[in-house]
Amino acid sequence: MLEELRTLVLFAEEGSIQKVARRLPLTQPAVTRQMQRLEDMLGTTLLDRRQKPPRLTAAGLEVLTRAKDILASVEALKSSAADAEPQGVLRVGLAHGLSDASVAGAIAGAAVPFPRISLRLKTGWSAELIEQFERGQLDMAIVLRPAGHQGSDVLGTERLCIIAQAGAHLTDARGPTPWVLSPEPCDARQTLLSGLGGERHRLIVAAEIQDPAMQMEWVRRGHGLGLMPLRLAARGLPDGLARVDLEGVDLSLQVVALRSPHLNRLAKVVEAIARTVGEAIRIEA
Numbered sequence: 076m077l078e079e080l081r082t083l084v085l086f087a088e089e090g091s092i093q094k095v096a097r098r099l100p101l102t103q104p105a106v107t108r109q110m111q112r113l114e115d116m117l118g119t120t121l122l123d124r125r126q127k128p129p130r131l132t133a134a135g136l137e138v139l140t141r142a143k144d145i146l147a148s149v150e151a152l153k154s155s156a157a158d159a160e161p162q163g164v165l166r167v168g169l170a171h172g173l174s175d176a177s178v179a180g181a182i183a184g185a186a187v188p189f190p191r192i193s194l195r196l197k198t199g200w201s202a203e204l205i206e207q208f209e210r211g212q213l214d215m216a217i218v219l220r221p222a223g224h225q226g227s228d229v230l231g232t233e234r235l236c237i238i239a240q241a242g243a244h245l246t247d248a249r250g251p252t253p254w255v256l257s258p259e260p261c262d263a264r265q266t267l268l269s270g271l272g273g274e275r276h277r278l279i280v281a282a283e284i285q286d287p288a289m290q291m292e293w294v295r296r297g298h299g300l301g302l303m304p305l306r307l308a309a310r311g312l313p314d315g316l317a318r319v320d321l322e323g324v325d326l327s328l329q330v331v332a333l334r335s336p337h338l339n340r341l342a343k344v345v346e347a348i349a350r351t352v353g354e355a356i357r358i359e360a
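Counting in our numbering, the sequence shown runs from 76 upward without gaps.
These are calculated hints, taken from the structure and not from any lab test. Note that CB positions come from ideal geometry on N, CA and C, so glycine has one too. There's no promise every hint is true.
Here are the simulated lysine-lysine pairs, BS3-like style, with alpha carbons at most 30 Å apart [as the list claims (entries may be wrong)]:
#1 Lys153 - Lys343
#2 Lys94 - Lys127
#3 Lys143 - Lys127
#4 Lys197 - Lys343
#5 Lys143 - Lys153
#6 Lys143 - Lys94
#7 Lys94 - Lys153
Ranges of calculated distance between the beta carbons of each label pair, as one might list FRET restraints [to be verified]:
#8 Ser91 - Arg195: 50 to 60 Å
#9 Leu99 - Pro190: 35 to 45 Å
#10 Pro336 - Gln93: 36 to 46 Å
#11 Arg124 - Arg97: 16 to 26 Å
#12 Glu322 - Pro221: 18 to 28 Å
#13 Met116 - Gly90: 18 to 28 Å
#14 Ile279 - Gly223: 24 to 34 Å
Go ahead and model the full structure; you've got the sequences and the hints to work with.
In structure tokens, the structure reads:
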């Protein structure tokens, strides 16, 4: 009915079906049908068609006044909804591989301008976060996907590097070398296996440790090679660790932000988080 009311208001302004049709733009028969539908819905005659051009009847003038009030209220409601401060609970999932201080700080900073938002942030493996998102248990999920993933949901690329005990003499990390890795289904571990040749290459896992700091300590003590984000390694490795270059092996993942289609006001917060996380994972030149 809102479209029909708008057409009535335009008719009162223009004075003819022809001029209304040009403004919408619609054909003249389409405008006439809108006016007839409105008369049918209200059960009254709005136009005196005996006159050329038609004029509003007394009932038409009364409906016109109310139509203007209704349309003004609708516009005010739309404006209020668009400008209202986001509030409520926002449930965000973050892949384990991204749960470092840099990304955590980015998310915390993005939430600061929205004091009425209560953030529920949980970490997990990408596969389980995607499943929870699809079940409607998360409003947003920031996950890691294979390097070939394409789409508007990509925030950037997370590149990994191999680290070892400083001074260790390695001939080839492709060989039978022990590794210190996160447990399955770790995203970085899957990327490493793929980069080394897939299932044909059997990883020798010396230790499965989920906590990154403990992984670094095991590597520092010489128990095996490890992985870490290149953006963190570029800022400086802890004492006792060194990077290992493995030519021809792509250890990169796409960082993807999944957003619920039912965010409404929360969309502003989700967009701010996505933007700041995208900035946090960029490697400074």
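Hint by hint, here is what the structure shows:
no. : hint                        : verdict
1   : Lys153 - Lys343             : holds, 16 Å
2   : Lys94 - Lys127              : holds, 14 Å
3   : Lys143 - Lys127             : holds, 25 Å
4   : Lys197 - Lys343             : holds, 20 Å
5   : Lys143 - Lys153             : holds, 15 Å
6   : Lys143 - Lys94              : holds, 19 Å
7   : Lys94 - Lys153              : holds, 28 Å
8   : Ser91 - Arg195: 50 to 60 Å  : holds, 57 Å
9   : Leu99 - Pro190: 35 to 45 Å  : holds, 43 Å
10  : Pro336 - Gln93: 36 to 46 Å  : holds, 41 Å
11  : Arg124 - Arg97: 16 to 26 Å  : holds, 20 Å
12  : Glu322 - Pro221: 18 to 28 Å : holds, 21 Å
13  : Met116 - Gly90: 18 to 28 Å  : holds, 23 Å
14  : Ile279 - Gly223: 24 to 34 Å : holds, 27 Å
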